[in-house]
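Asker: In order, the protein sequences belong to chains A and B. Here the working numbering is used: position 60 in the first sequence is 108, and no number is missing along the way. Here the working numbering is used: position 72 in the second sequence is 54, and no number is missing along the way.
Be aware that one or more of the hints could be misleading.
Heads up, simulated DSSO-like pairs for lysine-lysine below, C-alpha to C-alpha not over 27 Å straight-line [unchecked claim]:
(1) B/K176 <-> A/K52
(2) B/K60 <-> B/K28
(3) B/K177 <-> A/K71
Derived contacts from chain B toward chain A, CB cut-off under 7 Å, selection only [claimed, not checked]:
(4) G19
(5) I22
(6) L24
(7) E27
(8) K28
(9) N39
(10) E40
(11) L52
(12) W55
(13) C83
(14) R84
(15) K125
Just the calculated beta-carbon pair ranges, DEER-fashion [said to hold, decoys possible]:
(16) A/P65 <-> B/R86: 39 to 47 Å
(17) B/D(-3) <-> A/D51: 48 to 56 Å
(18) B/E154 <-> A/A69: 57 to 65 Å
(19) A/V134 <-> B/A(-1): 42 to 50 Å
(20) A/E77 <-> B/K60: 45 to 53 Å
(21) B/R88 <-> A/D61: 29 to 37 Å
(22) A/R119 <-> B/E154: 55 to 63 Å
(23) A/K120 <-> B/K60: 39 to 47 Å
(24) A/A140 <-> B/K60: 15 to 23 Å
(25) A/V93 <-> B/A183: 53 to 61 Å
No lab work stands behind these hints: they were computed from the structure. In this text, a Cβ means the ideal position worked out from N, Cα and C, and glycines have one as well.
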Amino acid sequence: MTDKTHEFTEWLDGALPPDQAAKFEADPEAVAERKAWTELRAAMVAELTRPPLPHPDFINAKVLEAIERDRKPARRAESSFIRRLVFGGIGAISAAAVITAIFLPDSYRRPSESEFISQVISARAENPMVSVSSFHTRDDRGVVIWIEGTKPIPSGEMVR
Amino acid sequence: MNILTTRTLLEVCDDSAEAAEAGLLRRSRDGDTVAFGELITLHREKIYMQIYMIVRNEEDAMDLSQETFLRAWKSLSKFDGKFPLLTWLRRIATNASIDLCRTRQRRPQVEIDGGPIHADAASRTTPAAFERPGDGLDRADLKARLEAAFEMLSPEHRAAISLKEFDGLSYEEIAKATDSSIGTVMSRLHYARKKLQSLLADLRNDR
């Protein structure tokens, strides 16, 4: 398309500056064409009426309905993702706890109560006044055998 | 003085309308469908009419209007605000309308006895009376002739003519609304006008 055609279009639309429009104003063919177009344009604008939007709120309703429809699968996917994340997390923590309990070195393990239970099952002595009892000290991880009514046991003697 | 006051008031109204629209746009971007509904209400009439002028069918115009707003909702994050929201909506609407027209052109609409018959806008809507030069034209005939001629334009030309002559947009606004250059818009207007004048040349002679 040439510059002249551009200018002619602008002139038809009344958008050409007067100094440039002068050449078209002086041309009878251009003036006749403008007249023809002006008439046709007037008829077109008058007759080609655009129908008003029927049920305007219908567009809103349909669009918002479609948006909600699109959102639902996203929400479902999101909640299922969160559920998977929670279950996965709980599973991982449980597995870690089990593995820790199994493989934790003894030195790091807190002793259980059963390890300190001690009981004197039987005691034999010539003197019936001798009594034997036991108690444990959790902090020292030891059991003390307490014997009363007898002579001191030599340190070399073994207590079983 | 009065004129100045009126202009100032109009400018204030424009500013507040723009601010309100910007607020609705911001809320819509945050996922607020109520705000987006208000944006639809603001622009639905203009979008529907623009689409109608390109597709020339009320049902299609209704469907494409919904599609336009739905596409806009999905792309709100891409809208950079370089030009007004309505212009951006017009661009989406124009693209959707032209796509539909092209699809329809490619697809045969009726098939009888094995041969495709393409719908012909002129033969469908032009009354037989127009084929007899010299007959007077009543208003209904004139309307039918004008519609038939307008439908014979390409969708791009219909878009350019309708945005210029019916919506009163500038070349620059039409260029933005149709995603094309100003030169292309001027070419389309020029050739569309030429074609309309040649299709309706006998009307002038009849008058």
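Asker: Hint by hint, where does the structure go against what was stated? Just the numbers, ascending.
Answerer: 6, 8, 9, 13, 14, 17, 18, 22, 23, 24 and 25
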